[in-house]
Amino acid sequence: MKVLDRKLLRELRSTGFLLLAVGSIMAIGVSAYNALGSAYRNLTIAQRLYYADCRMADFSLDLKKAPLADVAVIAQLPGVVEIRPRIQFFATVDLENVVEPINGIVISMPNERRQVIDDIVLRQGGYFTDRRDNEVILNDAFARANKIYPGMWIHLLLNNRRQELFVVGTAISSEFTYLVGPGSFVPDAKRLGVFYVKQTFAEEVFDFQGACNQVLGRLAPSVRDRPEEVLRRAEILLDSYGVLAAVPLRDQPSNRFLSNEIMGLRAFGVINPAIFLAVAALVLNVLMSRLAEQQRVVVGTLKALGYSRGAIFWHFLKFGLAVGAFSGLAGCALGYWLAGGMTAMYDTFFEFPNLENRFYPDLTVKGLAIGLACGMLGSFHGARQVLQLEPAVAMRPKPPADGGAILLERWPALWRRLSFPARMALRNVFRSRLRTAAGIFAAAMGATLSVDALLLAFETSYMVDFQFELIQRSDIDLTFKDEQSREAWDEARRLPGVDHAEPLFDVSCTFTHGSHSRKGGITGILPGATLMIPRDTEGRPLRIPESGLLLTRKMAQLLHVRVGDEIELRPTKGLRESRRVRVAEIADSFLGVAVYADIHFLSTLMNEELAVTGVQLKVRTDGSYRKDLFREIKQLPAVQAVSVRADIIRSVRETLVQNQHVFIGLLVMFAGVIFFGSVLNSSLVSLQERQREVATLRVLGYGPWQVGSLFLRESVLTNGIGTLVGLPLGYLLNYGIVVAYDTEMFRIPLIDPTQVWFIVIGLGAAFGLAAHLVVQRSIHRMDWLDALKTRE
Amino acid sequence: MLGRSPRRRRRRALAESYSTGNHRRVEPRCLSFDLRPLACCEESNILSQAESRASASSVLLRLENVGKTYHMGEVSVNVLRHVALEIRDRQVLAILGPSGSGKSTLLNIIGGLDSVSEGRVWYRDREMTAFSPRELTTYRREIVGFVFQFYNLVPNLTARENVMVSTEISRRPLDVEEALRLVGLSDRAEHFPSQMSGGEQQRVSIARALAKNPELLLCDEPTGALDYDTGKRVLRLLVDACRKLGKTVVIITHNAAIAQVADHVIRLRSGEIVEAHDNPDPAPPEEITW
Chain A
0 MKVLDRKLLR ELRSTGFLLL AVGSIMAIGV SAYNALGSAY RNLTIAQRLY YADCRMADFS
60 LDLKKAPLAD VAVIAQLPGV VEIRPRIQFF ATVDLENVVE PINGIVISMP NERRQVIDDI
120 VLRQGGYFTD RRDNEVILND AFARANKIYP GMWIHLLLNN RRQELFVVGT AISSEFTYLV
180 GPGSFVPDAK RLGVFYVKQT FAEEVFDFQG ACNQVLGRLA PSVRDRPEEV LRRAEILLDS
240 YGVLAAVPLR DQPSNRFLSN EIMGLRAFGV INPAIFLAVA ALVLNVLMSR LAEQQRVVVG
300 TLKALGYSRG AIFWHFLKFG LAVGAFSGLA GCALGYWLAG GMTAMYDTFF EFPNLENRFY
360 PDLTVKGLAI GLACGMLGSF HGARQVLQLE PAVAMRPKPP ADGGAILLER WPALWRRLSF
420 PARMALRNVF RSRLRTAAGI FAAAMGATLS VDALLLAFET SYMVDFQFEL IQRSDIDLTF
480 KDEQSREAWD EARRLPGVDH AEPLFDVSCT FTHGSHSRKG GITGILPGAT LMIPRDTEGR
540 PLRIPESGLL LTRKMAQLLH VRVGDEIELR PTKGLRESRR VRVAEIADSF LGVAVYADIH
600 FLSTLMNEEL AVTGVQLKVR TDGSYRKDLF REIKQLPAVQ AVSVRADIIR SVRETLVQNQ
660 HVFIGLLVMF AGVIFFGSVL NSSLVSLQER QREVATLRVL GYGPWQVGSL FLRESVLTNG
720 IGTLVGLPLG YLLNYGIVVA YDTEMFRIPL IDPTQVWFIV IGLGAAFGLA AHLVVQRSIH
780 RMDWLDALKT RE
Chain G
0 MLGRSPRRRR RRALAESYST GNHRRVEPRC LSFDLRPLAC CEESNILSQA ESRASASSVL
60 LRLENVGKTY HMGEVSVNVL RHVALEIRDR QVLAILGPSG SGKSTLLNII GGLDSVSEGR
120 VWYRDREMTA FSPRELTTYR REIVGFVFQF YNLVPNLTAR ENVMVSTEIS RRPLDVEEAL
180 RLVGLSDRAE HFPSQMSGGE QQRVSIARAL AKNPELLLCD EPTGALDYDT GKRVLRLLVD
240 ACRKLGKTVV IITHNAAIAQ VADHVIRLRS GEIVEAHDNP DPAPPEEITW
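The listed protein sequences derive, respectively, from chains A and G.
Anchor point for the first sequence: position 166 equals 165 in numbering that gives the first Met the number 0, and the numbering is continuous, going up by one each time.
Anchor point for the second sequence: position 170 equals 169 in numbering that gives the first Met the number 0, and the numbering is continuous, going up by one each time.
Honestly, I wouldn't trust all of these hints.
[As the list claims (entries may be wrong)] Computed from the model, here is a short list of chain G residues facing chain A with C-beta under 7 Å:
{"hint": "1", "residue": "Met71"}
{"hint": "2", "residue": "Asn107"}
{"hint": "3", "residue": "Asp113"}
{"hint": "4", "residue": "Asn151"}
{"hint": "5", "residue": "Val153"}
{"hint": "6", "residue": "Leu156"}
{"hint": "7", "residue": "Glu160"}
{"hint": "8", "residue": "Ser165"}
{"hint": "9", "residue": "Arg235"}
These are computed hints drawn from the structure, not numbers from a lab.
Fair warning: this is a prediction, and the values are worked out from it, not measured in the lab.
Where a beta carbon is used, it is the ideal one built from N, C-alpha and C, also for glycine.
Start from the sequences and build out the full structure, keeping to the hints where you can.
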């Protein structure tokens, strides 16, 4: 090993804490790049393979009921490669040992195994046999959650009849990668299952011989990205059978959740590492400039001995490269581990046949290259600084730092009021411009990350509370298969333990305004309803107009309507006659694209007296009724789905919120590394530079704590300014995310950041103080007598 | 040589002239301190063309009307004025002068560390003042060995490694152990500068300079930071480097007594040479006092 390399190694070792501070920031940047990149690829690859395995449908058409012969025309449409008609119904499941009714989606599959669109991948047991007609294949997560195995019998309430089915296997399918039940937005494997039954069995049970109520299709690659035209034509062709929904793949709920997540990973995979690496490069710059300055005599000597400029430049650059290489490697290892954790977390949300954390050599190479580039960038300035010195000048001690007045001193009235230590701190902060800029930038980025992460946590929590505490206040929601009369409401009111019940009337329809059209639904609620209270984003209850519709802002945007405009609505069921209705009010909301109306107004509009498609129940709090209540609900033939609010809230908290806390905790910890690392680096560098000053102060009678307080003032100043700069930046970043996630599915509420700002100020102060303790320790341990003797 | 720039050709020629003449790197060479001067060694083929060309009276360096002016903002300071000087092979030259007389600047110019504002400097028959930065680097690497007042050792390298800093870039280095033995520090080879006394550090510095096997040893106040006895020991080493190893040694000092060991003495004041004389009978370092 060359002797200069030995020097380098020893310097790396002796730089200790400083290097650790810079290295860990850089390593986290690389690990964020690697982890987010790996997770992105893990999901993308798993999605692509899974979709290909299952032959994922490019579109689906939900119909009331259509003869197979008539839907065959869809296959003739240009761009359509293949279609698959099938039968799909909701059902309630009655499991032994489970009190609550469970929701199920029943789907027909060919009697004999063959490849179909939206196919299944068997996990346990096998496909249907010839032995019996009433065989069922369950989705794997449901089977696991409820401990159901092939060979067991289960009971489903299908078309008002209780059916006994024999479990032959468990399976998964790409169309249910992310399976959420009614009223929720996180999966709850225990409460929602998919039941694949034989085609012949489904036809018989649902009375669908030679008919279907759903058409799945695959498109030619050339039209895959623009399925609208095909769907428009298909709707026209099948209009007489009532098209309830025409859904392209990108709007398919499971795919939309998954794709949103993948896109988010890609965006974060750029933003987060960039922040860390920029901070690391700057902080390394400070360290390297100091190192170069410290070694000016060594540099001069090396030049005098005949070392070339290139050799010396390379020697100093190698310092940065070594830091970069080490951080890059550590970052890649940490990144791989984090990607494993993230992928495991995704595995609890998404059901994939084989979601594994793969090792991507190119990502590791790139991560290492990023580390090296960052190290080089960070050391370039310092190394160049060394070269610019003439050898003769380099060997002379550095002239005293420029001691001119700083900007603030131009206002003597202000300046005179400052204490002496404050003036010293201010002068130092203003004079070490690069260091101050790096400190401010690092603190600002730390604050930006923390504000954004905490705001997201608060916003999610707020959204959950808003939805389940303020809007939806019922304990149990029953959804009926078809429209029911007032009796269904009365019957629900008489169920055991029910205190209060309110009817809902949901009408699926197509809204049209000019050239803008959208499928959706209107929810009719009682005027003065207490179990479903639509609210604006401020949380104020919205008055349901006696006539006309109340649109959520997102729906109004999609249809380009304003209050007072008339829109045309055409129900997708029943007589499907168009009606024109006035938009009475527009309100903000976070979830979905709801449209509300007075239930009486809506019933009249649909030519009904009082139609009911669901009932919301408020039940007694003591719980003694539960068994009786659920037993009776399970026996109600009209009930298609049951949702229990407590279960939904539990699953939301268990999965979404809990996982988010881990994610946010990690982000805040990473932000802490930035705060800690930058304060530590800048203070220790400053301490090294000013050893003589510290020694002189000690001679003058300053105690170590008093000296420390001078340094503390400086770091409080830079860290404080940086944090203050970072607060609005974090809010802006959060705003950007909120805008980016403004989808039809949900909107993230923007909340008042004041509370988060205070928390982040506290975090910044805590991490900064922790770093200062290390600096204080160095001050205590400093041999200041020796420093006084030290020749510059 | 096709396609090579004239500057690069020149650099190569310069390097060759410093080296053995058949431009091959020569293995580190062992010497014994009481050997005859290197130039007389029959078996020695490590002598450069330049060295073998040189005779006791040939001129190694020539300064013609050299001036140096520093500009600091609006103020110009003339550090050197009309300096004309010849430095001959294998002599000890002492440059005397008080602080601020321009001694260090003169040494830096001779050593190729600083440029002149006017005048010309010749290394043998080559004009040093026309050297490119790269040629200057090669000059410093092959011809000059520096000994500094404050030793300028690399703090986190041991004594041996500090010497290796020189040998690793030299075309014809001495053996590292031998260089340390020459200065009597074989047993301190593994010590770091912070573990050594000032005198020991200065001896490492001399070993580092000698290890390159340079023609010219430039010493900037080599005894300035040392006590009396140690200073004399260091002087002995430098004089031996000239008398026994055949080096040209330039010592700058403000200590007039030290000039007694030199063959030639010049005195600087306010950037000008005010006196120059030969010293036909130099005193051994052990006999001088200050």
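Query raised in the report: Which hint numbers does the structure go against, in order from smallest to largest?
Result: Of the numbered hints, 1, 9 do not hold.
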